[in-house]
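**Student:** Chain by chain, the residues run as shown.
Number of protein chains: 2
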Amino acid sequence: MHKNRIQCPDLLGKVISAQEAANFITKGMVIGTSGFTKAADSKAVLQALADRTLNENLAITLLSGASLGHDIDGHLAENNILAKRMPFQSDPVLRKHINSGEVLFIDQHLSETAELIDNKHLPEIDIAIVEVAKINEDGSLVLTTSVGNSATFIARAKKVILEVNLSIPTSIQGIHDIYYLQEHPIRTAIPITESHTRIGTDFVPLDISKVIGVVFTDLPDSPALVALPDEKTKAIAKHLIDFLQNEVKAGRLSKNLLPLQAGIGKIANAILEGFIESDFSDLTMYSEVLQDSTFDLIDAGKVSFASASSITVSAECYERIFNNFDFYRDKILLRPQAISNAAEVIRRLGVIAINTAIDCDIYGNVNSTHLCGSKIMNGIGGSGDFARNAYLSIFVTPSISKEDRISHIVPMVAHVDHSEHDVDIIVTEHGLADLRGLAPTERAIEIIENCSHPIYKPHLKDYFQRACENGGQTPHLLKEAFDWYIQYMETGSMQALVEIEA
Amino acid sequence: MHKNRIQCPDLLGKVISAQEAANFITKGMVIGTSGFTKAADSKAVLQALADRTLNENLAITLLSGASLGHDIDGHLAENNILAKRMPFQSDPVLRKHINSGEVLFIDQHLSETAELIDNKHLPEIDIAIVEVAKINEDGSLVLTTSVGNSATFIARAKKVILEVNLSIPTSIQGIHDIYYLQEHPIRTAIPITESHTRIGTDFVPLDISKVIGVVFTDLPDSPALVALPDEKTKAIAKHLIDFLQNEVKAGRLSKNLLPLQAGIGKIANAILEGFIESDFSDLTMYSEVLQDSTFDLIDAGKVSFASASSITVSAECYERIFNNFDFYRDKILLRPQAISNAAEVIRRLGVIAINTAIDCDIYGNVNSTHLCGSKIMNGIGGSGDFARNAYLSIFVTPSISKEDRISHIVPMVAHVDHSEHDVDIIVTEHGLADLRGLAPTERAIEIIENCSHPIYKPHLKDYFQRACENGGQTPHLLKEAFDWYIQYMETGSMQALVEIEA
Numbered sequence: 001m002h003k004n005r006i007q008c009p010d011l012l013g014k015v016i017s018a019q020e021a022a023n024f025i026t027k028g029m030v031i032g033t034s035g036f037t038k039a040a041d042s043k044a045v046l047q048a049l050a051d052r053t054l055n056e057n058l059a060i061t062l063l064s065g066a067s068l069g070h071d072i073d074g075h076l077a078e079n080n081i082l083a084k085r086m087p088f089q090s091d092p093v094l095r096k097h098i099n100s101g102e103v104l105f106i107d108q109h110l111s112e113t114a115e116l117i118d119n120k121h122l123p124e125i126d127i128a129i130v131e132v133a134k135i136n137e138d139g140s141l142v143l144t145t146s147v148g149n150s151a152t153f154i155a156r157a158k159k160v161i162l163e164v165n166l167s168i169p170t171s172i173q174g175i176h177d178i179y180y181l182q183e184h185p186i187r188t189a190i191p192i193t194e195s196h197t198r199i200g201t202d203f204v205p206l207d208i209s210k211v212i213g214v215v216f217t218d219l220p221d222s223p224a225l226v227a228l229p230d231e232k233t234k235a236i237a238k239h240l241i242d243f244l245q246n247e248v249k250a251g252r253l254s255k256n257l258l259p260l261q262a263g264i265g266k267i268a269n270a271i272l273e274g275f276i277e278s279d280f281s282d283l284t285m286y287s288e289v290l291q292d293s294t295f296d297l298i299d300a301g302k303v304s305f306a307s308a309s310s311i312t313v314s315a316e317c318y319e320r321i322f323n324n325f326d327f328y329r330d331k332i333l334l335r336p337q338a339i340s341n342a343a344e345v346i347r348r349l350g351v352i353a354i355n356t357a358i359d360c361d362i363y364g365n366v367n368s369t370h371l372c373g374s375k376i377m378n379g380i381g382g383s384g385d386f387a388r389n390a391y392l393s394i395f396v397t398p399s400i401s402k403e404d405r406i407s408h409i410v411p412m413v414a415h416v417d418h419s420e421h422d423v424d425i426i427v428t429e430h431g432l433a434d435l436r437g438l439a440p441t442e443r444a445i446e447i448i449e450n451c452s453h454p455i456y457k458p459h460l461k462d463y464f465q466r467a468c469e470n471g472g473q474t475p476h477l478l479k480e481a482f483d484w485y486i487q488y489m490e491t492g493s494m495q496a497l498v499e500i501e502a
Numbered sequence: 001m002h003k004n005r006i007q008c009p010d011l012l013g014k015v016i017s018a019q020e021a022a023n024f025i026t027k028g029m030v031i032g033t034s035g036f037t038k039a040a041d042s043k044a045v046l047q048a049l050a051d052r053t054l055n056e057n058l059a060i061t062l063l064s065g066a067s068l069g070h071d072i073d074g075h076l077a078e079n080n081i082l083a084k085r086m087p088f089q090s091d092p093v094l095r096k097h098i099n100s101g102e103v104l105f106i107d108q109h110l111s112e113t114a115e116l117i118d119n120k121h122l123p124e125i126d127i128a129i130v131e132v133a134k135i136n137e138d139g140s141l142v143l144t145t146s147v148g149n150s151a152t153f154i155a156r157a158k159k160v161i162l163e164v165n166l167s168i169p170t171s172i173q174g175i176h177d178i179y180y181l182q183e184h185p186i187r188t189a190i191p192i193t194e195s196h197t198r199i200g201t202d203f204v205p206l207d208i209s210k211v212i213g214v215v216f217t218d219l220p221d222s223p224a225l226v227a228l229p230d231e232k233t234k235a236i237a238k239h240l241i242d243f244l245q246n247e248v249k250a251g252r253l254s255k256n257l258l259p260l261q262a263g264i265g266k267i268a269n270a271i272l273e274g275f276i277e278s279d280f281s282d283l284t285m286y287s288e289v290l291q292d293s294t295f296d297l298i299d300a301g302k303v304s305f306a307s308a309s310s311i312t313v314s315a316e317c318y319e320r321i322f323n324n325f326d327f328y329r330d331k332i333l334l335r336p337q338a339i340s341n342a343a344e345v346i347r348r349l350g351v352i353a354i355n356t357a358i359d360c361d362i363y364g365n366v367n368s369t370h371l372c373g374s375k376i377m378n379g380i381g382g383s384g385d386f387a388r389n390a391y392l393s394i395f396v397t398p399s400i401s402k403e404d405r406i407s408h409i410v411p412m413v414a415h416v417d418h419s420e421h422d423v424d425i426i427v428t429e430h431g432l433a434d435l436r437g438l439a440p441t442e443r444a445i446e447i448i449e450n451c452s453h454p455i456y457k458p459h460l461k462d463y464f465q466r467a468c469e470n471g472g473q474t475p476h477l478l479k480e481a482f483d484w485y486i487q488y489m490e491t492g493s494m495q496a497l498v499e500i501e502a
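So the protein sequences, as listed, match chains A and B.
Number 244 in this note's numbering belongs to position 244 of the first sequence; there are no gaps in the numbering.
Number 184 in this note's numbering belongs to position 184 of the second sequence; there are no gaps in the numbering.
The shape of chain A in the complex, shown without the other chains (with noise of 0.2 Å):
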């Protein structure tokens, strides 16, 4: 019965099937479940929930720290599970059911969901479902490979499941840094004042009288996608290197620059990974996940020191960490996302943020959400808590994709998530815009000519231009500002009307 796993002797007669754990929850719950991009989320107790419940219409709302693995968001979204999810997701099947309107998707900053369950701006949890590595004796946990809002899930729910998945090493114990937000009305500090300053407990605590189950599992995280970097990605990463350096060489930085953030995902990843060439050193982070970059990073001696709520790395990736576990050990921290995405610590520590947009505007306004103004892609995340609070806030897109159909410059943003006030940097393979101290119609010219792509250029420059004869702060032509959207969606290309006009 793994009583190396479950030390706590009240919690070894709690120990139950999957299946059993699943029917707890009933029509109308709230559940929290732990899972931060991927990374220890719930394998087996969701899975089962999705599996019994075909037209049983639970219509749970589900909230978790951030994307969960497995498609289990998919397998919950067709089996008519969920009715309301939140803070993010990433799931491809799910997206089509928020879309569609079947499935209530409320986005939010990653870093606020805690605080909105403590102050009991959300409904009360009924159910925490988190996976854990090992249960103390005092029942106290050892969280896996992400922390997300799992403490807070434990602390606030009126009942927990705990899945102990035995894939994970005990040796885990240690990298978790367990603090919680206080309550109003007098709330003092979080002491956060370097990437590795430690201030909680490795472990959770847990009222075990709450504990309606415990389910083994022994699956591992779903594995993230990595993509090696490309000749759009190598050139995005060089001019935000060659950037940085002259930050260095301009004495507005040093060498071991200030702590780095990366958004989640592939291009993120690669553009990391641009910074094992370069001449930085002792390099930190102070991010919400580590991808592979950040472990290649450490390999090669660029990073010392990495603070996130989660790793999500490659198969090829984890296998690495876990085997060489000692190495890696003092060398990274995971906390929760209240606390990886404070507001407060973002901006005492000054982070460099680099996140991903899908889009931006020639005056600088980001989306990181919505395809054509309407359909989510995935959620905010953490780019709004990073963004805001940055020393610097930086923002990659490629200049285009789908061949050249879609420029990921366009006239206005249908969507804004980070507005202007909130975007330092924007990169693209083309070049780097740097926005600092300028004015909406500088910043348009400095984005058109050093991040669009050629083919859109002249037709970015030709509706600046005309919007200007307007007048305005930040002009613009409402008559035609979503043309691109609107002909993209039409045609499938925003190139059709570039070509039209032309």
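Take the hints with a grain of salt, since some may be wrong.
Note: identical chains are not told apart, hence a pair may lie in one copy or across any two.
Stated by the list, open to error - Simulated pairs of lysine-lysine, DSSO-like, Cα-Cα distance not exceeding 30 Å:
1. 27 / 14
2. 457 / 479
3. 461 / 479
4. 402 / 479
5. 255 / 158
6. 461 / 84
7. 84 / 457
8. 461 / 96
9. 232 / 27
10. 210 / 158
11. 457 / 238
12. 402 / 234
13. 159 / 234
14. 249 / 210
Derived from the structure by calculation, the hints contain no laboratory data.
Dock chain B against chain A, hints included.
**Tutor:** Then chain B, alone, in the frame of chain A:
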């Protein structure tokens, strides 16, 4: 020679005329001036500069705390002196020059300007011009009715000009709390835990070798225009207070709520007046400006302490404050705007933020700055600092204006300053939309039903319903999303569109 005002012997010899001081300013200089919401602005030197330079094309960059009084921004713009202006303005003449493209305006979160200067992300300041009540023996400075960015300007500028304002009693010493953000890479927390927490000094340190002139003035601040509560603002206040009372009943807030912030302006001021008749007690404020309503609430025994960056009140209230200064002295504190608007402190304290929207859309995206997408009104000011980090982010607006020609609830705002992620509550005279925990399509129903004006409600519903037919997380019809603005620009009324459609 007012030796009680200039107690530092070395600076007595630096007294010059405003015109002489203005002559230090040469082409292309970067000037940092005191002044925040028209309080403690430069009243002598900037005016002398405006008078001096007909056709000189000085092309200066002017930084302030926030808006300046005495129409000085307009005079400077008219006389062709300004090339760039940041981080806020509210002058109708300057506004014209910005919207015509003659002056470049950099619209910044008010918390960020000082830090951008510290980080050298803005050009170095050549001359600081700062209003003071008194120069202490060691050269340190007692500020007047605002702090704004003055402490940073004094610390970072190459040269300093001081305006000693004889109309401000020297007894003002003691209400300022001057604190500097630390420098990267290692910074500790801003140690404020309550509105009244003092963390700094009541004076601004000064390197007297930088002083190139001391000028006397006796002009008081431009008085604030105060509007008495009218039917609309009374209705908005009632909805808001009812909501907060329900939060107390639900156990989420106590009777003294959490610290209040209210944006500058007539509407916010009138709404705060509504708290006088409420059941709340021992209220506190952590805001950026103290308006008449704050002092009315102090007089009524409702507010026990108020922290901000400035005092901007009517002439009557100004008299009242300075005639009873001993009564108010221990109930107010003025801080640098990097502190009054600090993300860290606002989130820690759990500020209830009440800001005015120009308009908002059916999903709760808020525009605070632009008319019809292009023309700027004032600027984002501190609204973003507070809305993003607040315990409750509340936006107020009348549902319509210009008789019924403008609806302030629109299908899609043509400029986004605050995305739906940062907006919890919207209030108009018709009602209150509580958006917490709602998905966009739920938000739309809540906003349209509770906040829109009956004239426009059916048309908002119609837009929303037709948009939903195409699906999406945030359903929109891009071909007509801006039709109301376009109609308004062409006919002077959004109502015209509604009539045509009906």
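**Student:** Checking against the hints above, which ones are violated?
**Tutor:** 9, 13
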